[in-house]
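*Asks:* Got chain S; can you put chains A, X and D on it based on the hints?
Protein chains: 4
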Amino acid sequence: MGAPFQVASKVRDYELDMQGIVNNGVYFNYLEHARHEFLLANGVDFAALAEQSIHLVVIRSEMDYKASLKSGDEYVVSVTVERLSKVKFGFRQQVVRSSDQKLCVSALVIGTALNKRGRPYLSPEIEGLFGE
Amino acid sequence: MGAPFQVASKVRDYELDMQGIVNNGVYFNYLEHARHEFLLANGVDFAALAEQSIHLVVIRSEMDYKASLKSGDEYVVSVTVERLSKVKFGFRQQVVRSSDQKLCVSALVIGTALNKRGRPYLSPEIEGLFGE
Amino acid sequence: MGAPFQVASKVRDYELDMQGIVNNGVYFNYLEHARHEFLLANGVDFAALAEQSIHLVVIRSEMDYKASLKSGDEYVVSVTVERLSKVKFGFRQQVVRSSDQKLCVSALVIGTALNKRGRPYLSPEIEGLFGE
Amino acid sequence: MGAPFQVASKVRDYELDMQGIVNNGVYFNYLEHARHEFLLANGVDFAALAEQSIHLVVIRSEMDYKASLKSGDEYVVSVTVERLSKVKFGFRQQVVRSSDQKLCVSALVIGTALNKRGRPYLSPEIEGLFGE
Chain S
270 MGAPFQVASK
280 VRDYELDMQG
290 IVNNGVYFNY
300 LEHARHEFLL
310 ANGVDFAALA
320 EQSIHLVVIR
330 SEMDYKASLK
340 SGDEYVVSVT
350 VERLSKVKFG
360 FRQQVVRSSD
370 QKLCVSALVI
380 GTALNKRGRP
390 YLSPEIEGLF
400 GE
Chain A
270 MGAPFQVASK
280 VRDYELDMQG
290 IVNNGVYFNY
300 LEHARHEFLL
310 ANGVDFAALA
320 EQSIHLVVIR
330 SEMDYKASLK
340 SGDEYVVSVT
350 VERLSKVKFG
360 FRQQVVRSSD
370 QKLCVSALVI
380 GTALNKRGRP
390 YLSPEIEGLF
400 GE
Chain X
270 MGAPFQVASK
280 VRDYELDMQG
290 IVNNGVYFNY
300 LEHARHEFLL
310 ANGVDFAALA
320 EQSIHLVVIR
330 SEMDYKASLK
340 SGDEYVVSVT
350 VERLSKVKFG
360 FRQQVVRSSD
370 QKLCVSALVI
380 GTALNKRGRP
390 YLSPEIEGLF
400 GE
Chain D
270 MGAPFQVASK
280 VRDYELDMQG
290 IVNNGVYFNY
300 LEHARHEFLL
310 ANGVDFAALA
320 EQSIHLVVIR
330 SEMDYKASLK
340 SGDEYVVSVT
350 VERLSKVKFG
360 FRQQVVRSSD
370 QKLCVSALVI
380 GTALNKRGRP
390 YLSPEIEGLF
400 GE
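Chains as they are written, first to last, in the working numbering: chain S, 270 to 401; chain A, 270 to 401; chain X, 270 to 401; chain D, 270 to 401.
Hints in this document: simulated from the structure, not taken from any laboratory. Since the model is a prediction, treat every value here as computed from it, not as a measurement. Backbone N, C-alpha and C fix where the C-beta goes; we use that ideal spot for every residue, glycine too. Relax, there's no trap hidden among the hints.
To list a few chain A residues with every Cβ distance to chain X over 10 Å, as calculated: (1) 352; (2) 358; (3) 361.
As a list, the in silico DSBU-like pairs of lysine-lysine whose alpha-carbon atoms are at most 30 Å apart: (4) A:335 / S:355; (5) A:339 / D:339; (6) A:371 / A:279; (7) A:279 / D:339; (8) S:371 / D:279; (9) X:357 / X:385; (10) X:335 / X:371; (11) S:371 / S:335; (12) D:357 / X:339; (13) D:385 / D:357; (14) X:335 / D:357; (15) X:339 / D:355; (16) S:279 / D:335; (17) A:371 / S:357.
So here's chain S without its partners, still in its complex pose:
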C-alpha cells in the first residue's frame, strides 16, 4: 500500500461562502481534482479517456464534514483506491488542514467507467490501478 497519494493546496477566497468558510460544495471539487491527479500519476488520463468517450463516472459519494477551512488555510487532499466489485471502485479521500493536521472532510467516492455505449468497462489502464 504505502503512503496515500497527496495533493497540497491553499484555500482561494472565492471558495468561501457568506459564513466565511469553504462552501461544502467546493470540497467536492477538491476531491475530484485530487482523484484526477492521482489517476494521472498512475497512468490514467481522465481527459484523454473522455475524448475517446470512455467516461469515468461517480455513482455515489459519502462525505463527512468534520471541520471547516477558512481564508488562508493550507490543506492536503489524500487519495487511496480499492476495488469494490468487478466494475466498481472506491476512492477513500481526506482533506486535512496543514497547520494542525485537523481532519476536515472524510469521504468515500464510488465510481465506475463507461464505454461509448454507456456500459461499464474498465480499460486496461484502469484495471492497472488495482495491482496485479
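*Replies:* Coordinates of chains A, X and D only, in the frame set by chain S:
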C-alpha cells in the same frame, strides 16, 4: 406530510464539464439552493441566521448519481426534512429531469445548527420545521 | 430593435462570498447563461455547435460593477447583440435587481466563432442573428 | 518596479467546460486569487479587512482572452498595481501558460475600498501598496 417542497430550474452551460454533462460537484449546489429555499419558505432564513452567527451546517452527505443532466435540460429539486436526533436533521432530496421524470440524483444531507460558541443549538424557527 | 431579450433568476446562496454579496466572478456566469439562452431563442444552439467543433468564443469582456446582489435578491439579465466587424459581434448586457430596478452590472462581451481549424467562421445561424 | 508578483498553479478539470477548455468565467477566479495573494504578500489581508467591514471591491474589469488553457496545463498569474486616482487603483494581470509562455488572458481590474458606511476609504495598509 403532503407533497415535498420543489424548486424547478434549468441547466446552465457553465455547469457542464468536459464530458458535456453537469459536473458532479454542481449537484451539491443544486441541493443547497433548494434546501435554502425550503428553509426560507418555512420561516428559516439561512443568511439572516448567519448574520446572527447561528450557522446551519452540513455534517454528512450521501449522494447517489443515477443519470446525468445535459445542456438544455430542465429539472426539479425536491426537499423533505426529518428529525434524526435532538440536534440533527436529515434532508431527503432528489433531482429529477423534467422531460421524462428520470431520477438523476438521490441524496440524504444531514445537518445541525451551531450557535456563536460552536455548540449545537436549534433555534425556535428551526425547531418549528419538525411540527409540534 | 424592440425590447432586449431577458432572463430572470434569483441569487443562490452558494454564489455569495465572504462579504455576503454575489462574487464578482459569478456575474460572468450570469451573463454567459443569458447569452446562451438568447442564442438558443434565436436559433443558435451553443452546445450543438460545440459538438460540431464550431466554437463560439469570447475574446474580450468589459464589465462595470455598479451595485451588489445579496441573498434573496431577484434579478434580470438582458442581452442585445450588435455586429462589430465581419467576424466579431458584441453583446450588450445588464444585470438589474428586480426589487428596485437598480443596475448592478453593465457589460460588453465581444465574441467570434471559430471552425474546426480554429479560423473565424460565422455559420448561417450566427449570421442570422444580425438580420438581413 | 521589479518583477511582477506571480502565483503558479495548474488547471483543475472541474474548471473546464463542454468545449474542453477553461471556462471564461473561471479566469476571473484565477485573477481574484492572485490579487488576494498579492495583497497578502504586501500586508493587506482581504479577509481580515472584510471582517472589519472594510471591503475591497472591484468596480470595473477589462479582460482579453487570447488563448485557452486545457486539462493538465500549468499557468502563472501575474499582478502589478498602479494608482489611478485618489480612491481608485488598477491591477494589471496576465495569465500565461507555463509550457510555452503563451499569453492566455490579459486584464485590467479596477478597484476601490469602501468603509462601513459604503464610502471610498483607503486604509493605511492599502495606501502602502503605492509606495511613498
